[in-house]
Each structure stands twice: as structure tokens, then as C-alpha cells.
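Protein sequences, first through last, are from chains C and E. Heads up: the first sequence begins at 1 in UniProt numbering, then just goes up one per residue. Heads up: the second sequence begins at 1 in UniProt numbering, then just goes up one per residue.
Please note that a few of the clues may not be correct.
Copies of the same chain are indistinguishable here, so a pair counts whether it falls within one copy or spans any two.
What the hints assert, rightly or not - Straight line, CA to CA, 25 Å or less: simulated DMTMM-like cross-link-like pairs of lysine to aspartate or glutamate:
1. 277 - 437
2. 417 - 427
3. 350 - 249
4. 417 - 393
5. 352 - 323
6. 352 - 287
7. 414 - 96
8. 352 - 190
9. 417 - 406
10. 277 - 337
Worth flagging that the hints you see were computed from the coordinates, not collected in a lab.
2 protein chains.
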Amino acid sequence: MSETSFGYLTQETLPLFTDLYELRMMQAYHAQDHIPRATFSLFVRDLPPNRGYMIAAGLEQAVHYVETLSFGDRALEFLAEQDFDEAFLSWLADFEFTGEIRALPEGTPVFPNEPLLEVTAPIQEAQLLETALINQVGYQSLIATKASRMRDVIDREGDGQRLVDFGSRRAHGTDAGMKAARAAYVGGFDATSNVAAGEAFGIPVSGTMAHSWVQSFEYERDAFETFVDEYGSESVLLIDTYDTVRGAEVANAIAERKDVDLRGVRLDSGDLAALSKAVDEVIPEVDQFISSGMDEYAIHEFFDRGGVGAGFGPGTALVTSTDAPKVEGVYKLVAVERDGEMQPTMKLSKGKVTYPGAKSVRRIESDGEYAGDVLGLRGESGPGEEQLVTVIEDGDRVYEIPGLDEIRETARKKRRKLPERHRRIEDPAPYDVRISDGLQAETDDLRSTLEARISE
Amino acid sequence: MSETSFGYLTQETLPLFTDLYELRMMQAYHAQDHIPRATFSLFVRDLPPNRGYMIAAGLEQAVHYVETLSFGDRALEFLAEQDFDEAFLSWLADFEFTGEIRALPEGTPVFPNEPLLEVTAPIQEAQLLETALINQVGYQSLIATKASRMRDVIDREGDGQRLVDFGSRRAHGTDAGMKAARAAYVGGFDATSNVAAGEAFGIPVSGTMAHSWVQSFEYERDAFETFVDEYGSESVLLIDTYDTVRGAEVANAIAERKDVDLRGVRLDSGDLAALSKAVDEVIPEVDQFISSGMDEYAIHEFFDRGGVGAGFGPGTALVTSTDAPKVEGVYKLVAVERDGEMQPTMKLSKGKVTYPGAKSVRRIESDGEYAGDVLGLRGESGPGEEQLVTVIEDGDRVYEIPGLDEIRETARKKRRKLPERHRRIEDPAPYDVRISDGLQAETDDLRSTLEARISE
Numbered sequence: 001m002s003e004t005s006f007g008y009l010t011q012e013t014l015p016l017f018t019d020l021y022e023l024r025m026m027q028a029y030h031a032q033d034h035i036p037r038a039t040f041s042l043f044v045r046d047l048p049p050n051r052g053y054m055i056a057a058g059l060e061q062a063v064h065y066v067e068t069l070s071f072g073d074r075a076l077e078f079l080a081e082q083d084f085d086e087a088f089l090s091w092l093a094d095f096e097f098t099g100e101i102r103a104l105p106e107g108t109p110v111f112p113n114e115p116l117l118e119v120t121a122p123i124q125e126a127q128l129l130e131t132a133l134i135n136q137v138g139y140q141s142l143i144a145t146k147a148s149r150m151r152d153v154i155d156r157e158g159d160g161q162r163l164v165d166f167g168s169r170r171a172h173g174t175d176a177g178m179k180a181a182r183a184a185y186v187g188g189f190d191a192t193s194n195v196a197a198g199e200a201f202g203i204p205v206s207g208t209m210a211h212s213w214v215q216s217f218e219y220e221r222d223a224f225e226t227f228v229d230e231y232g233s234e235s236v237l238l239i240d241t242y243d244t245v246r247g248a249e250v251a252n253a254i255a256e257r258k259d260v261d262l263r264g265v266r267l268d269s270g271d272l273a274a275l276s277k278a279v280d281e282v283i284p285e286v287d288q289f290i291s292s293g294m295d296e297y298a299i300h301e302f303f304d305r306g307g308v309g310a311g312f313g314p315g316t317a318l319v320t321s322t323d324a325p326k327v328e329g330v331y332k333l334v335a336v337e338r339d340g341e342m343q344p345t346m347k348l349s350k351g352k353v354t355y356p357g358a359k360s361v362r363r364i365e366s367d368g369e370y371a372g373d374v375l376g377l378r379g380e381s382g383p384g385e386e387q388l389v390t391v392i393e394d395g396d397r398v399y400e401i402p403g404l405d406e407i408r409e410t411a412r413k414k415r416r417k418l419p420e421r422h423r424r425i426e427d428p429a430p431y432d433v434r435i436s437d438g439l440q441a442e443t444d445d446l447r448s449t450l451e452a453r454i455s456e
Numbered sequence: 001m002s003e004t005s006f007g008y009l010t011q012e013t014l015p016l017f018t019d020l021y022e023l024r025m026m027q028a029y030h031a032q033d034h035i036p037r038a039t040f041s042l043f044v045r046d047l048p049p050n051r052g053y054m055i056a057a058g059l060e061q062a063v064h065y066v067e068t069l070s071f072g073d074r075a076l077e078f079l080a081e082q083d084f085d086e087a088f089l090s091w092l093a094d095f096e097f098t099g100e101i102r103a104l105p106e107g108t109p110v111f112p113n114e115p116l117l118e119v120t121a122p123i124q125e126a127q128l129l130e131t132a133l134i135n136q137v138g139y140q141s142l143i144a145t146k147a148s149r150m151r152d153v154i155d156r157e158g159d160g161q162r163l164v165d166f167g168s169r170r171a172h173g174t175d176a177g178m179k180a181a182r183a184a185y186v187g188g189f190d191a192t193s194n195v196a197a198g199e200a201f202g203i204p205v206s207g208t209m210a211h212s213w214v215q216s217f218e219y220e221r222d223a224f225e226t227f228v229d230e231y232g233s234e235s236v237l238l239i240d241t242y243d244t245v246r247g248a249e250v251a252n253a254i255a256e257r258k259d260v261d262l263r264g265v266r267l268d269s270g271d272l273a274a275l276s277k278a279v280d281e282v283i284p285e286v287d288q289f290i291s292s293g294m295d296e297y298a299i300h301e302f303f304d305r306g307g308v309g310a311g312f313g314p315g316t317a318l319v320t321s322t323d324a325p326k327v328e329g330v331y332k333l334v335a336v337e338r339d340g341e342m343q344p345t346m347k348l349s350k351g352k353v354t355y356p357g358a359k360s361v362r363r364i365e366s367d368g369e370y371a372g373d374v375l376g377l378r379g380e381s382g383p384g385e386e387q388l389v390t391v392i393e394d395g396d397r398v399y400e401i402p403g404l405d406e407i408r409e410t411a412r413k414k415r416r417k418l419p420e421r422h423r424r425i426e427d428p429a430p431y432d433v434r435i436s437d438g439l440q441a442e443t444d445d446l447r448s449t450l451e452a453r454i455s456e
């Protein structure tokens, strides 16, 4: 059984993480000598339900993918078996990305139709990247957004509670477990329970105990005592295995007997707000850590009902973004070289229209808050600050990805610049993204031209 | 930037894909010399909404994980930085799984509380596996189920239409893209667009063309003609870039001019049922391939409205299981060695009660259909056929995982044995899982004992 049977990719097979049609189109572009320069824009048409914004994330991984992308023997041999021809395979063997990538820095709020990434390159090269780039940027942005909403609820209603990602076991595969930990940190989480994510991304790791620890002893008190013997004042005891309030009493008795200040207790079932208040009566000086079903809605309700907690451990709802599990990132051809010039292009597909041309995203601030964006044509002048930065130019990196803590701080600052009405966890007010006059005129002109052709 | 910065794991860091608390408990089990033999059961408490069954999948990857799990220098060095002690790290350096795993074979329908996997081993070893096993088996089972529902709708209402996984770009990370392709195949899909999944799992790969191909030419007819020049009768032309029916006419004209029988056309937007009928008027002899928003509900509606299609390309809704994106697999201690004997154990946590003891799952057939299951204690006799097989014994593999085509055929046969009322895509009838008398008595006894202790 090969290494990939676990289902993850290696650097060797990563170039094959693409849809077959990309390679089939690439071969045809190549064979038919139709290799115009092209600009593809990666964006979402709509925000997921109840989202007033998304947080861009995943650029670091996207860029790393592009920079290291190359086809070795194993990939080429498999493609040969799939009937790709020798001329194309020999071109692929020398593949490296020679184009340009512009992007929104990670941590930046993003709105519909605004490019998260824009790739300009010979069309073969740009085409290849579609599947992996959407995959990278889409999922991390989805989770950074979910995390940001939880941190935002705590900022408004809480008291700086810790947020720890507990989701790896319920993530959609191992890569999602890793990426969710990273993206949650970008969105404002403090730590992850996933040790591998700690190793890979330098995120603090955190963990308590499971019910199995408690059950592995005949009596809960023995379980607690043995754990405290091992970890002393670092112990966080899980108190809900049999009866939460009784568990708090047992924890308290052990702590007193051993003369240890417990780091905390964890509650993982039942009416968490009510139980946390009852536990607070028993052990008011001990931090309570709340898990099970936690997300922005549950945290809001917990605060609303007067729950007492020093931290939350969102899991499934975080890593699957359960209330909005999909974000339909698209990667659309918006400009293509014809007769030596880049020409805007769009499709007219029902409900899937795109704005043509390479873009600019200008963000207007007023009194320290974001007042609206202008989505325009690249190079168009106007008010506001350009949000897209050039990351790769002529195949070379020209932008240094900030460290994860800096990205997290950027996300925090920028989130707070968004007026609160756009940050509501239900029915947020839509943020204003104005289409520039230039882009609107370009869109209208091109639409007329294309529609006229249909009826030709 | 290290290899893992793309966020996927290597064999070196895979052992760290676990929650910190597992390792912290392991260290404490070790240091406190509390290492009873233990049985953990991996199951779901509830089926996701609208599911009358799930299809077990992911065992091959789960077993491969267990068999190859070992801690090398990189993993151990990171754990040393996390303050794990030397004695424990040196035990970890020699780690290999020595226990037993029983499991439902892949492709088997599974119901609430029935073990997908059951692990019996010294508690340290069994504890370590929790996070990765739930992750592996949970996601693949979720997607195999989603795929099975689509195949089932086609079996009942369609005409053997092809199902091709188009979801990699929208999957939650790259591993999900890979696993979704595999699990969809188990559930009854025919192919995937993901080339890497084709390479890793031997699944047929399939692909057409994107809008970018069409838009990269000034005229749609040039785009179609150039593609047909390259791929001849293998061409599947995407006809909805500007106007679907007009696109069909253009495709038809090119095919006639080039004297080629097109392999098909693809429709990717608009009112797909209505458009497919209109396209069928223009090119009745050409296969139509339908994508955009496809899942079991959309396929049912498509058939219901008289849509004409030879195949479907589900993407986002498949790989994120959008209507039910989470399956809360749990891994619970059900038995633990005390005084040299395995004793059943359970927790009483509100809404999270587990049945104690190692289990048997017996499935009763009547007239070639499944008539109900009995969830009992391991070794308990009774009617029906035991579904759990021993996969690993004393650390050695004793069960050969069937090839993917055989698993897929198993899934198909077993799905058809489920009475149709359990397979409805909305409000399916609950399948009968009876708790055996032995298990019920054990549960009641243990509950009494534990409840009595709380009020002691």
C-alpha cells in the first residue's frame, strides 16, 4: 500500500490535485498553439448565509503550492497512462509558474465579487492552478470567518474568553483538521488541540482530559486524584461524566486534599449555561472551560443566559462551519490576450455572470471605520485604498507573507473597522460594494456585444 | 517553508495528528502505571438529518494509519518541546499497536450506536488512535452515504446515469478532495475529476472543458472547433457560456462540419431540466452531462420535471454533504480491565449516554431484505448474522481489505437489501435496531450502580 493510501498527498502527487479537464484543456491549448496570456479571478458570488463579511485566509498555502508546483516522474507516468501525449508531457516536465499573482492579504475582510486572488499568466499555467487554489483559499476563508464571528461575539458580550479549536476529529479529512486550526487562529482563536497543527504552524496547543480517563477508574475521585498527581496545578478536570455538579464537588475535594489550585474544570454536556452557574457556586475560584456544540450562536446564548466560563472549545461547528458548510469560490477567466492586448471577457450563464477584466478593490475609511468598497478595473483611479497586493511577479515572490500572529492581529484590527451592523451573527446588514463607473461601462458594453452575437 | 506549510501531513508528522489531551492522558496512564486493557467503540449516536442509514467507509485508511503509526525524531522533538517527559517519549519512540480492531466492512449500512470500529488494547495505545480514526471513518462514511443516496435515486427514477465527482475544489482541504472521490466511488459514483484521486485509488478519471476554454476564444464556434480538432469524438462541449440552446446549435454545426459524433455536451447553469429538454430537441443523439448544484434532491427534481441527461457531476453538495455536513462520530470507552477482567463502563452525561461493553451487531434478513439489527454484547448469541469482522489481532492484520470495486459492489448489494422506506431521501423510516436483552440488562445494572454512587 502506497503512502497516499491514507489519502493525503505528497509533494510528488500534489500536481495531480487538479481536475482532469484542466489538464485536457492545457494539452489542447498547447497542441493547438492557442496560449494567450490570461487573467483569472478567484472570488465568491455570494456570502454564505448570515455572513456579513468573510475573512481572507489561506494565501500562504496557496502561494507555497504555486511556488513548489512541478511534475516529477510519478505524476508524469500517471498522466501518460491517461493518454496525454508526449509533447505535452515533456512541456509539463519543465513546468514552472512564470506569471503574476495579486491577492488580498490574509486577515482582510472580503465581500462578494472581490478577488481573493487574481492570476495573470499564459493561459495553460493559470488554468492548472484552479482546483488547488480554490480549495486552499476557500476552506481557510470559510473557517477564519466562522472563527472571527465567535471572537466577535466574545469581544462584544464576553470577557476575553479563550477559544480553543477542538475540531480535528470531525473535520472533513486530515488536511481540514490542519487548516481549520490555522484558519481559526487567524480568525481569533487562541490555541488548538491538534498537536500536528501546533507543529506545522506554531499555534499553541491545549488539552484537558477525556471521559475515558475518568471511566478507566472505578471511581471519579480516583481518576481526578491520579490526574492531579501527574499534572498538579496544570490539571483541567472533566466533571460531567456522571453528574456535573457532583463532579465539581469531587474535583474541589481532591484539590483541597492535595492542596492544589486547579487550572480549571471542563463541562461537556447538558444545559451548559445553567450547569456552569451551579458549578460556579461550588468552585467560584476555578476556571470553567465549556465544550460541546459551541459556536457563535451557542456562545451568544450562553452569555445571554448568564453562563460562567473562562473559555470555549468549539469543534464540529467550527471545522465544518456547520451552519454554512460551503463557500462556492470560483476562478473565472476575466481577461484574455487578443491581438497582443488584454481584452476583458465574461460569460452570460444564467445566475453566474461575472464582471470582466482584472480588478481593483478600493476600501474607503471614514472615522476609522470601513464605509464601503469600490470594485473597479485594475489601474482605475478613485477614492479609497487599494486592497490587492502583488504577491508573485514574473514567477518570483515579491511579497513576504506575514507571520501567523501578525495575520491574526491584522484580522482583529480589520474586523473591528467593520461597522457592527455587518458583523451581526444573524441578518447582518450588507456591506456596500459599489461597482465603479469604468467597470460598469465595461460590463455593459461587453454584455451588449455578446448578446448581439447570440442573436446573430 | 517546510513541506507541511501546505498544511497536509507527512508520515513523519502524522502521529501528531491527535488531540493534545490524548497524549497528556497517555503520559499520565504511563507515569501512574495505570494501563488497563480497554475497549473503545467508534459509532454515531444519531444519523444526520434525512438519513435512514449510513454507509461505512474509510476502514482501509484507518487500518493503514494504525499499521504505520510510529513516532520518529521530528514528532518526538516537538513533543519534548511541549514538556512531555523523557520516560514517556522513550516509550513513544517504541510505539506500535499491539491490540485488536474489529470493524464493519466498508460498504456496509450502519445505524446509530452500532460500532463502525471497536478497538481493544492497552488503554494508552487505544487512546492515541481516537482523533485520527474518527476523522478517517467519519468523513468517508458521510460522503459514501451522500453518494449512495444519489445512486439510489438514479436506480429508482433514472436510467443508469453516470455520476462523476466534481467536488475537489470545494472540498474542505485537499485530503477531503481525495477522500470524497474514494467515498463517492464506494457509494456508487463512476468516476472523479480529481486526477490525484485517480492515481491514489485507481478510480477512473473524467473531465470535459471549462468556461475559460470557451471564453479564451473570441467566438464560441472557434472554441468548439479547436477542441474538436484536438479531441475528436472524445469531445464533451460546454454549451452554456452565452446561451445554452444556441450553444447546442453551435456544437451541432461544428460536429456536422467536422463529421464527428460528439461524446457529449455539458450544461452548467440555468433551469437545467427545462434546458436539457430544449437541447434534446436540437441534438437528440448527443449525451447531455448535467452539473451545477447536483445532489440527490436536485437529481430527483430533475427527473421529476422530465429532464434529459446521461450523467451528473455533483460537486460542492457531494463533498461537503451540504444538507448534512457533520457526522458526530464518537470513540467511547465501553469496557476496561479491572482485577484482571474486562468490565463494562459507560458515562451518564446528559444526552450522551453510551451502551457499555464490547458489542456484536447482528443483522437479520428476511426474504432477501434486511429486517432489523440486534445490538448486543460481544459473544452473545441470537438471530441474525454478525456484521463485525476482526481486522487486526495482536497487532497483526488478519483481514484483507477488498479492492475498491469489490467494496463498491458490496455497498450496492447491501443498499438494495435495505427496504426502500429506509432509503427515502426525505423522512426515511427509522430502521429497527433492537438492544439485546443482555445489553439492556447490562446497561440497566451499570446505570443503577453509577447513579447510586452519585448520591452516596
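Hints versus structure:
no., hint, verdict
1, 277 - 437, "neither (57 Å within a copy, 39 Å between copies)"
2, 417 - 427, "within (19 Å within a copy, 45 Å between copies)"
3, 350 - 249, "between (63 Å within a copy, 18 Å between copies)"
4, 417 - 393, "neither (30 Å within a copy, 58 Å between copies)"
5, 352 - 323, "both (24 Å within a copy, 22 Å between copies)"
6, 352 - 287, "between (50 Å within a copy, 23 Å between copies)"
7, 414 - 96, "neither (35 Å within a copy, 47 Å between copies)"
8, 352 - 190, "neither (38 Å within a copy, 27 Å between copies)"
9, 417 - 406, "within (17 Å within a copy, 56 Å between copies)"
10, 277 - 337, "neither (65 Å within a copy, 36 Å between copies)"
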